Amino acid sequence: NAGVMQNPRHLVRRRGQEARLRCSPMKGHSHVYWYRQLPEEGLKFMVYLQKENIIDESGMPKERFSAEFPKEGPSILRIQQVVRGDSAAYFCASSPPPQGNQPQHFGDGTRLSIL
Amino acid sequence: SQQGEEDPQALSIQEGENATMNCSYKTSINNLQWYRQNSGRGLVHLILIRSNEREKHSGRLRVTLDTSKKSSSLLITASRAADTASYFCATGVTGGGNKLTFGTGTQLKVEL
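Keeping their order, the protein sequence lines are chains B and L. Positions 1 to 115 (my numbering) are the ones given, in order, by the first sequence. Positions 1001 to 1112 (my numbering) are the ones given, in order, by the second sequence.
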């Protein structure tokens, strides 16, 4: 049983470039969540998606950040024109359709470094 | 301050001792969850306690929830070196959909 798969594990970009982070949820999970973790801090919610639909993007920065979860393929978190402040670990989690209280299952994250 | 703050920030104990971590939160919640994060890895779900529950056990873990004080505690009994990790509480907030709000974490070090 494969867990949540994120790639790449590490990504280095120069300021102004684009970063694409991918997440494949656990088998049978239709809901994906993206979180960002700065050094020595907890995770901060960014966006919550199901297939072809953004449910909650209240944690997404207004500019440069976008997310999608297409009908086929992984969920993508895209950061355009990256800046140094985007350096962080980005975690994806997945769950089945939420029915009451249930845990989320996390991937090992993508560590993004901006030069 | 943030929803979900753990106390202490760091804890160092000897193997075999018990470790207690506390979490406070601010808003009404559906549930509270505890996760473990090993260095450089993702989060591993440990235990979920619903807002109408007061205590829950799982192996060497014991979680309590006091909604009147908006606080929770995680007790790890008979700690092992392998328990060394960061521990986070996360709340599922009433009306917040299924997103989680995380605390700042407690770094636990268990020494041999």
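A couple of the hints might just be wrong.
[Claimed, not checked] Pairwise CB distance ranges (calculated): (1) L/1016 to B/80: 15 to 23 Å; (2) B/50 to L/1026: 24 to 32 Å; (3) B/40 to L/1069: 21 to 29 Å; (4) L/1016 to B/28: 22 to 30 Å; (5) L/1069 to B/73: 23 to 31 Å; (6) B/68 to L/1050: 29 to 37 Å; (7) B/15 to L/1027: 20 to 28 Å; (8) B/83 to L/1017: 39 to 47 Å; (9) L/1044 to B/40: 18 to 26 Å; (10) B/87 to L/1045: 25 to 33 Å.
Since the hints were derived computationally from the structure, they do not count as laboratory data. In this text, all values refer to a predicted model and were calculated from it rather than measured experimentally. The beta-carbon is built from N, C-alpha and C at its ideal position, and this holds for glycine as well.
Check: Of the numbered hints stated previously, which ones are contradicted by the structure, given in increasing order?
Finding: 1, 4, 5 and 7
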